[in-house]
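There are 2 protein chains.
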Amino acid sequence: MNDAKVQVIKMIEANKNEIVKTVQELIKYPSVMGEEKEAQIYFSDLLRKLSLNVDVWEPTMEDMKINPDFLAARDHFEGSPNVVGVLKGKGGGKSILLNGHMDVVPDGDNDWDDSPWSGKLAAGKIYGRGASDMKGGIIANVMAVKAIMDSGIQLKGDVIIESVIGEETGGAGTLSAISRGYKADGAIVPEPTDMQLCPVSMGVTWFRIIVKGLAAHAATSYLGVNAIIKASMILQKINEFEAKIIKEKKHELYKHHPAPFSINIGIIKGGIFPTSVPDEVIIEGRMSFTPDEEISEARRGFEAAVYEAAEKDDWLKEHRPIIEWFGFCLNSGSVDKEHPLVKTMADNYKSIKGNEPDIVGTPWGTDAGALIRYGNTPTVVFGPGPGGTAHKANEHVDVDKLVETTKIIACTILDWCGYER
Amino acid sequence: MNDAKVQVIKMIEANKNEIVKTVQELIKYPSVMGEEKEAQIYFSDLLRKLSLNVDVWEPTMEDMKINPDFLAARDHFEGSPNVVGVLKGKGGGKSILLNGHMDVVPDGDNDWDDSPWSGKLAAGKIYGRGASDMKGGIIANVMAVKAIMDSGIQLKGDVIIESVIGEETGGAGTLSAISRGYKADGAIVPEPTDMQLCPVSMGVTWFRIIVKGLAAHAATSYLGVNAIIKASMILQKINEFEAKIIKEKKHELYKHHPAPFSINIGIIKGGIFPTSVPDEVIIEGRMSFTPDEEISEARRGFEAAVYEAAEKDDWLKEHRPIIEWFGFCLNSGSVDKEHPLVKTMADNYKSIKGNEPDIVGTPWGTDAGALIRYGNTPTVVFGPGPGGTAHKANEHVDVDKLVETTKIIACTILDWCGYER
Numbered sequence: 001m002n003d004a005k006v007q008v009i010k011m012i013e014a015n016k017n018e019i020v021k022t023v024q025e026l027i028k029y030p031s032v033m034g035e036e037k038e039a040q041i042y043f044s045d046l047l048r049k050l051s052l053n054v055d056v057w058e059p060t061m062e063d064m065k066i067n068p069d070f071l072a073a074r075d076h077f078e079g080s081p082n083v084v085g086v087l088k089g090k091g092g093g094k095s096i097l098l099n100g101h102m103d104v105v106p107d108g109d110n111d112w113d114d115s116p117w118s119g120k121l122a123a124g125k126i127y128g129r130g131a132s133d134m135k136g137g138i139i140a141n142v143m144a145v146k147a148i149m150d151s152g153i154q155l156k157g158d159v160i161i162e163s164v165i166g167e168e169t170g171g172a173g174t175l176s177a178i179s180r181g182y183k184a185d186g187a188i189v190p191e192p193t194d195m196q197l198c199p200v201s202m203g204v205t206w207f208r209i210i211v212k213g214l215a216a217h218a219a220t221s222y223l224g225v226n227a228i229i230k231a232s233m234i235l236q237k238i239n240e241f242e243a244k245i246i247k248e249k250k251h252e253l254y255k256h257h258p259a260p261f262s263i264n265i266g267i268i269k270g271g272i273f274p275t276s277v278p279d280e281v282i283i284e285g286r287m288s289f290t291p292d293e294e295i296s297e298a299r300r301g302f303e304a305a306v307y308e309a310a311e312k313d314d315w316l317k318e319h320r321p322i323i324e325w326f327g328f329c330l331n332s333g334s335v336d337k338e339h340p341l342v343k344t345m346a347d348n349y350k351s352i353k354g355n356e357p358d359i360v361g362t363p364w365g366t367d368a369g370a371l372i373r374y375g376n377t378p379t380v381v382f383g384p385g386p387g388g389t390a391h392k393a394n395e396h397v398d399v400d401k402l403v404e405t406t407k408i409i410a411c412t413i414l415d416w417c418g419y420e421r
Numbered sequence: 001m002n003d004a005k006v007q008v009i010k011m012i013e014a015n016k017n018e019i020v021k022t023v024q025e026l027i028k029y030p031s032v033m034g035e036e037k038e039a040q041i042y043f044s045d046l047l048r049k050l051s052l053n054v055d056v057w058e059p060t061m062e063d064m065k066i067n068p069d070f071l072a073a074r075d076h077f078e079g080s081p082n083v084v085g086v087l088k089g090k091g092g093g094k095s096i097l098l099n100g101h102m103d104v105v106p107d108g109d110n111d112w113d114d115s116p117w118s119g120k121l122a123a124g125k126i127y128g129r130g131a132s133d134m135k136g137g138i139i140a141n142v143m144a145v146k147a148i149m150d151s152g153i154q155l156k157g158d159v160i161i162e163s164v165i166g167e168e169t170g171g172a173g174t175l176s177a178i179s180r181g182y183k184a185d186g187a188i189v190p191e192p193t194d195m196q197l198c199p200v201s202m203g204v205t206w207f208r209i210i211v212k213g214l215a216a217h218a219a220t221s222y223l224g225v226n227a228i229i230k231a232s233m234i235l236q237k238i239n240e241f242e243a244k245i246i247k248e249k250k251h252e253l254y255k256h257h258p259a260p261f262s263i264n265i266g267i268i269k270g271g272i273f274p275t276s277v278p279d280e281v282i283i284e285g286r287m288s289f290t291p292d293e294e295i296s297e298a299r300r301g302f303e304a305a306v307y308e309a310a311e312k313d314d315w316l317k318e319h320r321p322i323i324e325w326f327g328f329c330l331n332s333g334s335v336d337k338e339h340p341l342v343k344t345m346a347d348n349y350k351s352i353k354g355n356e357p358d359i360v361g362t363p364w365g366t367d368a369g370a371l372i373r374y375g376n377t378p379t380v381v382f383g384p385g386p387g388g389t390a391h392k393a394n395e396h397v398d399v400d401k402l403v404e405t406t407k408i409i410a411c412t413i414l415d416w417c418g419y420e421r
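So the protein lines, in turn, are chains B and R. Just so you know, the first sequence maps onto residues 1 to 421 in our numbering. Just so you know, the second sequence maps onto residues 1 to 421 in our numbering.
Derived by calculation from the structure, the hints in this document are not laboratory data. Heads up, some of the hints might be wrong.
Chain copies aren't distinguished; within one or between two, either way the pair holds.
As the list claims (entries may be wrong) - Derived pair list, reagent style DSS-like, types lysine-lysine, alpha-carbon separation capped at 25 Å:
{"no.": "1", "residue 1": "Lys10", "residue 2": "Lys237"}
{"no.": "2", "residue 1": "Lys392", "residue 2": "Lys212"}
{"no.": "3", "residue 1": "Lys28", "residue 2": "Lys88"}
{"no.": "4", "residue 1": "Lys212", "residue 2": "Lys5"}
{"no.": "5", "residue 1": "Lys212", "residue 2": "Lys269"}
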């Protein structure tokens, strides 16, 4: 390990309390969809204290056009700014983009032991909504750059630090940043991979199926068509189709996962009264697909399965289920596992941790898909948080992993961007 | 037709406007579950004006014990009185009980052309919630007795006029009246049969099925068990089982009906989020069964089918669906179609209408089941309203049929109870 890295790592060790405190403070802002602004102001102040060139703007729907499959839960982004800080390099090095999302999912159930917005430190873990997904990661990005600057090291390549909105609802913030021109020779997204290196992100797209029936009183049910019974036929087919894709869709970086590319039926709702024949059922769910697949291809496969089931039923043949792709969609993205960025990160991981990293695919969609596909920026997802606690009660991030991740990101920046002392 | 009948029929003709006006006024009381009191006071005043012995009381849960399968949507009946009026006969004749329910279903959808509580008269029809089911019928009962009394005819047998609560939610009012001792040699229930004579009532019982799964995040759906997919297996089995009972369960008085004894899946609800594996699905519906079947027998058949489907699935075998019989249950009841009461009514129908009546079974449960089974009172369901508009928007009763029904009931009372002039 060279002197620069030794010095930066020492700086990060020295800054450990500041890292923890900053994550704790950031968790206190409940930055759920539409409420990101205060947290983003806090974040932009961090970047300004580092004397970065700070850009704060609200995404527009126009920005989303680079992704023809974009879907979001909202129709405007007023009050939900993106924040980007740029550290210009001296020149002659590769640029790096450190992306993270400030939005968090709602606090959800009541199973929290403490307030979801406490930022409480206990037994070496910081607790709260976003601790793992991904305020820990976003602060690791900042603190890695700060340690380099505090060490008096000048980078050759540019560093772009992004705090975006809207990742949890379809990736609007990152799309907007790409449209605004923020691209680089490489990017890191510290989503909660539990320190696994992820050069590929799967695709995820939500669906809604509307199955129509014909209303009637139960006493003369033969005059109606039961939408719930018809929906059960479609569900059986989707279950078969899922078994098929679990068997057939394989990817080298998902060997460890028993069923990475799958279909989840999440919600069903139909009918209003026990004595009425229901005339509509709505089914909602999530389909994931491989990093190699085009989203349109994945969707076509699903649609074909549903329509095939419909063809076998006299009513459904004439009243085809309506399939809507709604609410959430993150496209897949893939970087070769031999890519220099992956190698650099793996080397630094080994130096810091002492062992080889797991190199796998993410079990969810991430903004890496957009960075790779629409930003032409090779991206690796690698963060400190445990994925298992994200979106759940008692979400947390381990302080040791938070600090180790900060070190690995800092050393990767040094190698990737080049530097002068 | 004898002189007494001719006189009574003339009296009913003369009272036609009063019959219409009384039905209109009664519709104006929105006597949905829990709100029957004002309508019952109005009704008890009608009976008092006829100088009947009037009995007004609130049913108790104790009264329900005569029906071990009783289920209701409420746990007390305070503020929901029954009303009974008794006209004592001179003696030496058979008694008759004229039963009707004052409770109506909610106004429901917004498709009404006028207020559901308007009682509007238009093109020979009276409109409003309850017009058909069964305020028209309940007033036909009263006006038949009134015409006899107004004609100065003295009956030999007793007449009991009942306005009960709770029929739409499981028959509490009639059970309470039976427990209080109101029974007779015969009974008429003018539910909306569109003037078909119904000596048999099918049984109806609601069910709830709870299918359990195991929650997980969709990204690791293999760790969970999808309750919606499991529910679809149960639904497919119920669909098969329904086809079997439609084919196998037959009854002489339901030959006209393509599928009288059936299973309606009315409601399904499960899951909370597209990205979560749902851990529970709730299904609710209605099963009807033949007048010859015991309710326990019908339920056992259904339960066996559901459990049989569960046995074929490793998860469901260990986590059997929970079946609840909830909310609503009206037992079946049957009177021989050659019974003297049926004959008497059919003869009077022919005299008034000029043709033979249809003699069929009801397509729903009625309080006749309780009167027959627990009151030992042979009961025929016969009323003026069209069943097709009950529980729907623009419910109505035809004035001509209302008057004809009043005549047929009056003439039946004369024949059944015997009389002196």
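Q) Is it within, between, both, or neither for Lys212 and Lys269, if the alpha carbons may be no more than 25 Å apart? A) both (12 Å within a copy, 16 Å between copies)
Q. Using 25 Å as the alpha-carbon threshold, which applies to Lys212 and Lys5: within, between, both, or neither?
A. neither (63 Å within a copy, 54 Å between copies)
**Q.** Intra- versus inter-subunit Cα pairing at 25 Å for Lys10 with Lys237
**A.** neither (58 Å within a copy, 66 Å between copies)
Q) Using 25 Å as the alpha-carbon threshold, which applies to Lys392 and Lys212: within, between, both, or neither? A) So Lys392 and Lys212 pass the 25 Å test across copies only (20 Å; inside, 34 Å).
Q: Please work out whether the CA atoms of Lys28 and Lys88 approach to 25 Å or closer within one copy, between two copies, in both situations, or in neither?
A: Neither way: Lys28 and Lys88 sit 31 Å apart in one copy and 79 Å across, limit 25 Å.
Hint compliance for this structure: hints 1, 3, 4 are not met, and every other hint is.
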